[in-house]
Amino acid sequence: RKEVEQDPGPFNVPEGATVAFNCTYSNSASQSFFWYRQDCRKEPKLLMSVYSSGNEDGRFTAQLNRASQYISLLIRDSKLSDSATYLCVVTSNTGNQFYFGTGTSLTVIP
Amino acid sequence: DGGITQSPKYLFRKEGQNVTLSCEQNLNHDAMYWYRQDPGQGLRLIYYSQIVNDFQKGDIAEGYSVSREKKESFPLTVTSAQKNPTAFYLCASGLTPELGKLFFGSGTQLSVL
Chain A
1 RKEVEQDPGP FNVPEGATVA FNCTYSNSAS QSFFWYRQDC RKEPKLLMSV
51 YSSGNEDGRF TAQLNRASQY ISLLIRDSKL SDSATYLCVV TSNTGNQFYF
101 GTGTSLTVIP
Chain B
1001 DGGITQSPKY LFRKEGQNVT LSCEQNLNHD AMYWYRQDPG QGLRLIYYSQ
1051 IVNDFQKGDI AEGYSVSREK KESFPLTVTS AQKNPTAFYL CASGLTPELG
1101 KLFFGSGTQL SVL
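Chains A and B, in that order, are what the protein sequence lines are. Residue numbering for the first sequence follows the working numbering, beginning at 1 and increasing consecutively. Residue numbering for the second sequence follows the working numbering, beginning at 1001 and increasing consecutively.
No wet-lab data here; the hints were simulated from the structure. On a predicted model such as this, the values are computed, not experimentally measured, just so you know. Yeah, the Cβ is synthetic: ideal placement off N, Cα and C, and Gly gets one too. Honestly, I wouldn't trust all of these hints.
Claimed, not checked - DMTMM-like, lysine to aspartate or glutamate: derived pairs with alpha carbons at most 25 Å apart: (1) A/Lys42 with B/Glu1072; (2) B/Lys1101 with A/Glu5; (3) A/Lys45 with A/Glu5; (4) A/Lys42 with B/Asp1054; (5) A/Lys45 with B/Asp1030; (6) B/Lys1009 with B/Glu1069; (7) A/Lys45 with B/Glu1015.
Claimed, not checked - Covered stretches of chain A, going by a simulated chain B footprint (3 or more residues, C-beta under 8 Å): (8) 15-22; (9) 47-55.
Isolated chain A (complex conformation) (with noise of 0.2 Å):
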């Protein structure tokens, strides 16, 4: 099984929409979550990070629910410039390794 998976898509939304991801990770003892942002053939840049409390920044909320070991992540009004793929990274329960969902794909169409 997979330490962490998620919908690969691909989202095409229309501006202004407002988008879902979501990630599930198989390790109940995994101790940090992250949402990174990949442009096509560039490298991952972190986007957020995703806390119980749930976190907001801008237009983007993270939230991590820890019971049924899933995270998401919501796009407001979406913009031409959030297209980009979007992965979802969960530590193991040392926090010494980071593993990688493939990638949710997101082109928001003019």
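Assemble the complex: chain A is given as a structure, and chain B must be docked to it using the hints.
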């Protein structure tokens, strides 16, 4: 500017040849990582190092080797034993594993001639 630098950006390997990918960081990070990314797939861990002169195998270490002689440098050698080396290779570093955030280099695209 502080950052993590990978070179070269593109690399071509002949059959039976070993090649080395460079990764240098001036962020004073303890932990460094090498990942491989294939089209449509997530990043897979090749090797990681949490301290100088120490490193551990990741999920797909066969056919690869690393060294960590300096804190700033973590080169990856793709040996001839790696039969399917064509991929996008990403190096990353982190301040300490517990802090969790990774900073990536811009990647090296390795192709076989």
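TODO: Would you list, in rising numerical order, the hints stated earlier that this structure does not obey?
DONE: Violated: hints 4, 7, 8, 9.
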